[in-house]
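Visitor: Residue numbers (our numbering), protein chains in the order written: chain P, 1 to 306; chain Z, 1 to 306.
Quick caveat, the hints were computed from the structure, so don't treat them as lab data.
Fair warning: this is a prediction, and the values are worked out from it, not measured in the lab.
Don't take every hint at face value.
For chains that are exact copies, the list does not tell them apart, and a pair is met inside one copy or across any two.
[Claimed, not checked] Derived pair list, reagent style SDA-like, types lysine to any residue, alpha-carbon separation capped at 25 Å:
(1) 267 - 160
(2) 267 - 69
(3) 188 - 208
(4) 119 - 140
(5) 282 - 70
(6) 267 - 121
(7) 96 - 290
(8) 267 - 230
(9) 46 - 35
(10) 142 - 70
(11) 188 - 97
(12) 212 - 253
(13) 282 - 72
(14) 122 - 72
(15) 122 - 226
(16) 82 - 275
(17) 267 - 169
(18) 82 - 278
(19) 122 - 141
(20) 119 - 226
(21) 80 - 277
(22) 46 - 201
There are 2 protein chains.
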Amino acid sequence: MNTIGIDIGGTSTKYGLVSESGTIIEQGSIPTCVTEDPQDFVERLKTALNPLMKNVSAIGIGAPNGNYYSGNIEHAPNLKWKGIVPMAELVEQSLKLKTRLTNDANAAAMGEMIFGNAKSMKNFIMITLGTGLGSGIVVDGKVVYGHSGFAGEMGQVIVIPGGRQCGCGRLGCLETYASATGIVRTVKLALETPESKSSLRGQELSAALITKAALEGDELALNAFEFTGEILGRALANAVTFTSPECIFLFGGLAKAGPLIFEPTQKHFSNNLHNIFQNTVKILPSALPESDAAILGAAALIKEPS
Amino acid sequence: MNTIGIDIGGTSTKYGLVSESGTIIEQGSIPTCVTEDPQDFVERLKTALNPLMKNVSAIGIGAPNGNYYSGNIEHAPNLKWKGIVPMAELVEQSLKLKTRLTNDANAAAMGEMIFGNAKSMKNFIMITLGTGLGSGIVVDGKVVYGHSGFAGEMGQVIVIPGGRQCGCGRLGCLETYASATGIVRTVKLALETPESKSSLRGQELSAALITKAALEGDELALNAFEFTGEILGRALANAVTFTSPECIFLFGGLAKAGPLIFEPTQKHFSNNLHNIFQNTVKILPSALPESDAAILGAAALIKEPS
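Work out the full structure, taking the sequences as your base and the hints as a guide.
Guide: Rendered as structure tokens:
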């Protein structure tokens, strides 16, 4: 049987028909929030999915602030829908198919486990380095949801008390440093020093542009990657003490910078890892193709043992 | 059927015959490391346990640096036995009973789940505040051991990079601040300021003495508790983002200081907790009587679903 994987993003929602082996047979996308009414979204989704409904057993949804237990999207800051939206229930009622929902990083972790590099792993952590930093923690072959349903929010670990202002209202959260927006902030701060020379001065900054500058040898850009890797490597070394993963996968925009981000992260990870965990844990890139990962991850959600 | 619970400590090893309902029917203790030969210990243990072997189905052992998967005690710094000691195997061979072993904090978590305040909980964290800081993390009703068997080493989270020297060789680990020895170090540092007034000046410092001074209103002692609670509360708020527990239990010597440690810990925990987790998690004292906890915890190890 096939499944439908749906990835609800701030701007657009991607969906795909996924075979049991993890092939996306057909896919498409619709705008997410045309109106503030989630029911309107569900109607448009139903129309869009109609041609894909071939031998489908269930639907999996990844969404920001998605709660696995309730199937709700709760207070997602980047969506027009306000408050608590019972999305899994709305989709299930409309499409008459079993529907599960979780947050996007948990969905990516499921995708890695079912279709990616974590196929044989029981304990690993998935880190998504996008606009923010998301994480999905797998223990004993199952994604950890915890008591609240919101476990695995490593982007919200305070790594520097009194540090950078985070969108959550607190200061010094990991994602204010280690993410696409985090590295942009790091470069902006460095450029405030008038004597710092960089090809990035006066540019519209983005993680992609900083990566390009670093690859061309721009020292300020290289230092920004080193700093990002220092903060991330330390945080990952601390993370290991909680669930002792076999592997930590890095995924998303910033992970595509390859050795620029992996090398400093690995160095500071190893330097800060407790002896007892040395040689028990690897840091690797995700095997999921980025364009398909969200759909595959959401589809994989249905495959979790319950 | 009864079980035997064994708590291997640096100086002495406690053991008890535990009923299914969690009553210690009989108990005793022997010195741990009389010689450097663990086989000698096992022989003495067998002799000591002989009168307790009534309707016994299995043996559970809590030990420093105990690995649940291998049953080994690995490089325990406070024991005379060096290297890797296959303790579960040695005991099983000698006493001809199924034997499981884990570290002491994991055993305490099991004890809390089977006999204590976590009876109805599926997700919680046990923090033991003794000489060091130990932790046992329970997810979905099972203690997390992770890939290495050493998951739940929260005392080894680096909370202040470049901070206090830890026995592990690194700097700034949580247990160098939040433990019985941590608060002693905090007071010693404060006393280095010549103008600081305190009844503790010139005393042989201990957590118990600092507690007594704080209860009598000694400002330096009270500040030490405030600081300890700040470090611990922050670390616990970060911990919640990983596994989203329903409760964090504090156990051990320092936890007995009651409101002196619970109040600042709770305050800084709440101040640093991400909104999404507010009102989902409590900090409570353990329900296990300290004198019996280690034996009950070790006995409870046998009851874990495998």
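Visitor: Hints first: check each against the structure and report whether it holds.
Guide: Status of each hint after checking the structure:
{"no.": "1", "hint": "267 - 160", "verdict": "both (19 Å within a copy, 19 Å between copies)"}
{"no.": "2", "hint": "267 - 69", "verdict": "neither (37 Å within a copy, 29 Å between copies)"}
{"no.": "3", "hint": "188 - 208", "verdict": "within (14 Å within a copy, 50 Å between copies)"}
{"no.": "4", "hint": "119 - 140", "verdict": "both (13 Å within a copy, 22 Å between copies)"}
{"no.": "5", "hint": "282 - 70", "verdict": "between (33 Å within a copy, 21 Å between copies)"}
{"no.": "6", "hint": "267 - 121", "verdict": "within (24 Å within a copy, 39 Å between copies)"}
{"no.": "7", "hint": "96 - 290", "verdict": "neither (30 Å within a copy, 54 Å between copies)"}
{"no.": "8", "hint": "267 - 230", "verdict": "within (8 Å within a copy, 30 Å between copies)"}
{"no.": "9", "hint": "46 - 35", "verdict": "within (16 Å within a copy, 73 Å between copies)"}
{"no.": "10", "hint": "142 - 70", "verdict": "both (18 Å within a copy, 22 Å between copies)"}
{"no.": "11", "hint": "188 - 97", "verdict": "neither (48 Å within a copy, 64 Å between copies)"}
{"no.": "12", "hint": "212 - 253", "verdict": "within (13 Å within a copy, 55 Å between copies)"}
{"no.": "13", "hint": "282 - 72", "verdict": "between (34 Å within a copy, 23 Å between copies)"}
{"no.": "14", "hint": "122 - 72", "verdict": "between (27 Å within a copy, 21 Å between copies)"}
{"no.": "15", "hint": "122 - 226", "verdict": "neither (31 Å within a copy, 40 Å between copies)"}
{"no.": "16", "hint": "82 - 275", "verdict": "between (46 Å within a copy, 16 Å between copies)"}
{"no.": "17", "hint": "267 - 169", "verdict": "between (31 Å within a copy, 17 Å between copies)"}
{"no.": "18", "hint": "82 - 278", "verdict": "between (45 Å within a copy, 19 Å between copies)"}
{"no.": "19", "hint": "122 - 141", "verdict": "both (4 Å within a copy, 17 Å between copies)"}
{"no.": "20", "hint": "119 - 226", "verdict": "neither (31 Å within a copy, 46 Å between copies)"}
{"no.": "21", "hint": "80 - 277", "verdict": "between (43 Å within a copy, 22 Å between copies)"}
{"no.": "22", "hint": "46 - 201", "verdict": "neither (47 Å within a copy, 74 Å between copies)"}
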